[in-house]
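K.L.:
For reference, the chains in residue letters:
Number of protein chains: 2
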Amino acid sequence: MATPLIVPPRLLLGPGPSLCAPEVLRALATPLLGHLDPAFLRIMDATKDRLRELFKTANRLTLPLPGTGSAGTEAIVVNFIEPGERVIVGVNGVFGGRLADQARRIGARVETIDVPFGEAIPAEAVESALEREPAAAVIIVHAETSTGVLQPDIARMAAATRRVGGLFLLDCVTSLGGTPVEIDAWGADAAYSGTQKCLSVPPGLAPATFGERAVAKLKARRTPVPSWYLDLGMIDAYWGSERAYHHTAPISMVYALHEGLGLLLDEGLEASFARHLRVRRFLDDALASLDLRPVVPEAIRLPMLTSVAIPEGVDDAGLRRDLYERFNIEIGGGLGPLKGKVWRIGLMGYGAREENVLTLTGALRDLIPRHRKTRSA
Amino acid sequence: MATPLIVPPRLLLGPGPSLCAPEVLRALATPLLGHLDPAFLRIMDATKDRLRELFKTANRLTLPLPGTGSAGTEAIVVNFIEPGERVIVGVNGVFGGRLADQARRIGARVETIDVPFGEAIPAEAVESALEREPAAAVIIVHAETSTGVLQPDIARMAAATRRVGGLFLLDCVTSLGGTPVEIDAWGADAAYSGTQKCLSVPPGLAPATFGERAVAKLKARRTPVPSWYLDLGMIDAYWGSERAYHHTAPISMVYALHEGLGLLLDEGLEASFARHLRVRRFLDDALASLDLRPVVPEAIRLPMLTSVAIPEGVDDAGLRRDLYERFNIEIGGGLGPLKGKVWRIGLMGYGAREENVLTLTGALRDLIPRHRKTRSA
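Protein sequences, first through last, are from chains E and X.
For reference, each letter of the first sequence is one residue, going 1 to 377 in my numbering.
For reference, each letter of the second sequence is one residue, going 1 to 377 in my numbering.
These aren't lab readings, by the way, just hints derived from the structure by calculation.
Hints are supplied without guarantee of correctness; some may be wrong.
No copy labels: a pair is met if it fits in one copy or bridges any two.
EDC-like cross-link-like pairs, simulated, lysine to aspartate or glutamate; straight-line CA separation at most 20 Å [as the list claims (entries may be wrong)]:
no.	residue 1	residue 2
1	K48	D284
2	K373	D184
3	K48	D236
4	K219	D45
5	K373	D322
6	K48	E325
7	K373	D284
8	K219	D322
9	K339	E242
10	K341	D291
11	K219	D101
12	K56	D366
13	K373	E270
14	K341	E127
15	K48	D291
16	K339	E355
17	K56	E82
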């Protein structure tokens with residue numbers, strides 16, 4: 001007999017995936033429908049409606065793309081930017097850098113606005129880059145998962161971009177559902193997210209929304225979209241009223257997203273935002289009691305993800321291994337220049353609860369002294 | 001309260017998704033692990049081992065890509081073909097045509113070998129196209145899901161391709177698990193499949209395997225892989241020994257695939273192939289009793305998917321709607337030039353059972369007379 005699944009009961013308090021709601025796990029186990037079944041088409045429509053509520057948008061073209069959050073990143077680049085076009089990308093963490101890499105691959109002229117990891121992109125920098133030369137698009141990360149920074153001034157950056165005729169494209173992977181995202185009010189032309197953060201759904205889909213200006217640009221392209229799989233015109237023909245076969249929708253994941261969004265809307269968006277912030281403040285106090293310092297200043301710190309400086313002399317890998325092995329807890333390590341320097345603590349979606357802070361705090365209190373390297377080591 | 005999921009109990013006998021095994025549905029509902037958790041890395045390794053058994057290959061680089069079968073299609077095109085290279089694509093159905101479209105999008109010089117829908121690609125045509133001018137790659141669909149044709153002479157085509165230094169790339173979306181696929185014995189350089197056909201797993205992953213010659217070509221590319229999301233070098237760095245973060249693996253879908261592969265290997269590949277063929281023969285007899293004719297000659301007819309000519313004067317859409325509404329049965333309609341002309345009956349994976357043939361036959365016996373259009377209509 002083949003070995004069965006061996007899955008320890010982890011408390012997921014890293015940068016994602018976060019804990020799934022039990023209702024979402026049950027939805028995943030629902031028997032399949034065909035991807036063109038009228039009963040499935042109704043679930044698709046309900047999912048689109050729920051995503052519009054979540055993104056605070058009236059955009060018709062609002063749907064989950066058939067890949068993880070990274071597929072959302074790729075979709076905005078391949079659909080809305082053509083070779084040779086100038087694109088401005090804010091880089092204050094790993095995910096901004098990735099967006100710049102993707103835009104370069106398709107032949108865009110990429111200009112990055114680089115600030116140190118842990119800071120926000122200054123709106124003035126975007127404005128002056130656009131004044132120097134207009135750009136076809138500006139791409140900004142709303143919540144940098146690699147650092148824990150919440151980007152302010154989104155509406156101001158979007159307005160500056162639109163003034164020069166460009167598209168304002170927004171990464172909402174970690175923010176959506178856990179802190180306000182206001183696509184229409186901010187004037188963002190397209191945005192995408194992932195399911196595995198504040199939506200309490202497993203990784204595998206990229207909820208996304210695309211406004212009229214973005215769709216017009218897509219229709220006016222001089223070159224075909226280089227990706228067939230993520231060609232929004234074809235994806236829209238399936239998810240829209242034509243129902244034309246493109247790919248086979250990931251049925252079970254759509255069930256899960258439908259359920260996760262339903263739970264979130266039943267709780268209420270404002271209530272979810274308040275809960276994430278309340279639990280973050282509870283964490284702040286607990287960290288202070290352990291002499292642990294958040295890396296990001298409070299004014300731009302995410303509610304759902306906190307980077308904490310690893311205390312001098314503490315063994316990062318050893319401690320995180322013990323967190324798994326002794327207490328079944330996952331937190332995240334640092335990425336890029338923050339590797340070995342920070343822990344990333346996620347309190348997202350179903351996992352954003354005070355009791356999880358208590359468990360983690362207790363574990364850190366036990367483990368930090370054990371993982372201090374001796375001077376001789 | 002948000003509307004709950006409403007999912008009628010469908011018998012999925014179309015071209016996929018097919019019915020999931022109940023064990024697979026239970027695996028889907030397993031709580032999440034993080035994508036870098038040592039416990040999840042062990043599940044990834046076991047899944048890779050199982051895929052190697054299934055593809056009959058020793059290829060190190062064998063893994064599920066993070067998208068549906070169509071993402072597999074795109075992955076072989078974007079990774080192994082560079083702009084300006086000559087590519088030969090066999091087109092005897094919708095999926096061959098799609099491969100040609102994808103190769104054109106990335107700037108390949110595409111030559112198609114076109115034969116009518118319902119026929120196989122002649123090996124001689126591939127050989128003579130290669131003799132006329134060598135090609136960087138030949139892409140062939142092993143099982144054309146749009147028609148139900150099983151392509152013979154794969155090893156011969158692969159040998160001809162390798163003689164001129166090209167890569168032989170194979171689409172095994174519908175064949176894998178239901179009929180022999182012998183990647184190493186045939187000399188295929190890369191192949192991909194989907195989870196929602198003979199593996200009894202929901203749609204959402206593209207199991208794939210890549211041989212040494214393909215990997216060497218990838219490493220020697222002059223241009224970067226145009227897709228970041230499907231860049232195999234980066235995906236390998238995550239699924240291989242480096243464990244470098246690329247995307248967040250679709251955890252629940254990997255659980256499901258791990259379980260579906262375990263069930264298939266426990267049954268035994270030969271037993272699964274024999275079952276698919278036996279049930280197909282049972283269907284053949286049932287269709288004959290209803291005066292329904294398969295479209296594809298028996299010598300090249302798939303075991304798991306049968307295209308049946310819609311009898312003269314029968315209303316395709318009306319009958320399929322009644323199949324859903326009265327009997328909860330799904331079969332597929334025709335694609336491309338076969339639209340309105342055939343039904344596609346899939347008996348795949350968990351759904352390949354004699355009792356399902358009985359249910360479908362009974363339903364068709366009831367509905368066909370009701371859906372004959374009157375002459376005056």
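K.L.:
For each hint, tell me whether it holds in the structure or not.
P.N.:
Taking the hints in turn, this is what the structure says about them:
When the C-alpha separation of K48 and D284 is checked against a cutoff of 20 Å, the pair qualifies neither within a copy, at 36 Å, nor between copies, at 41 Å. Within a single copy, K373 and D184 get their C-alpha atoms no closer than 51 Å, and across copies no closer than 50 Å, so neither meets the 20 Å cut-off. In the homo-oligomer, the alpha carbons of K48 and D236 lie at most 20 Å apart inside one protomer (12 Å), although the nearest pairing across protomers, at 33 Å, exceeds that limit. In this assembly of identical chains, K219 and D45 lie within 20 Å of each other by CA distance neither inside one copy nor across copies; the values are 23 Å within and 43 Å between.
Taking the shortest Cα distances, K373 and D322 sit within 20 Å of each other inside one copy (15 Å), while across copies they are farther apart (71 Å). Taking identical chains as interchangeable, the C-alpha atoms of K48 and E325 are never at most 20 Å apart, the minima being 40 Å within one chain and 25 Å between chains. With identical chains, the CA atoms of K373 and D284 are never at most 20 Å apart, being 26 Å at best within one copy and 72 Å at best between copies. Neither within a single protomer nor between protomers do K219 and D322 lie at most 20 Å apart by alpha-carbon distance, with minima of 53 Å and 38 Å respectively.
Only between protomers do K339 and E242 lie at most 20 Å apart by alpha-carbon distance; the minimum there is 15 Å, versus 47 Å within a single protomer. In this homomeric assembly, K341 and D291 come within 20 Å of each other (Cα to Cα) only inside a single copy, at 15 Å, whereas the closest approach across copies is 72 Å. In the homo-oligomer, the alpha carbons of K219 and D101 lie at most 20 Å apart only across protomers (18 Å), although the nearest pairing inside one protomer, at 24 Å, exceeds that limit. In this homomeric assembly, K56 and D366 never come within 20 Å of each other (Cα to Cα): the closest approach is 43 Å inside a single copy and 49 Å across copies.
With identical chains, the CA atoms of K373 and E270 are never at most 20 Å apart, being 44 Å at best within one copy and 56 Å at best between copies. Within a single copy, K341 and E127 get their C-alpha atoms no closer than 32 Å, and across copies no closer than 58 Å, so neither meets the 20 Å cut-off. In this assembly of identical chains, K48 and D291 lie within 20 Å of each other by CA distance neither inside one copy nor across copies; the values are 45 Å within and 43 Å between. In this homomeric assembly, K339 and E355 never come within 20 Å of each other (Cα to Cα): the closest approach is 28 Å inside a single copy and 57 Å across copies.
In this assembly of identical chains, K56 and E82 lie within 20 Å of each other by CA distance neither inside one copy nor across copies; the values are 28 Å within and 41 Å between.
Taken one by one, the earlier hints fail for this structure at numbers 1, 2, 4, 6, 7, 8, 12, 13, 14, 15, 16 and 17, listed in ascending order.
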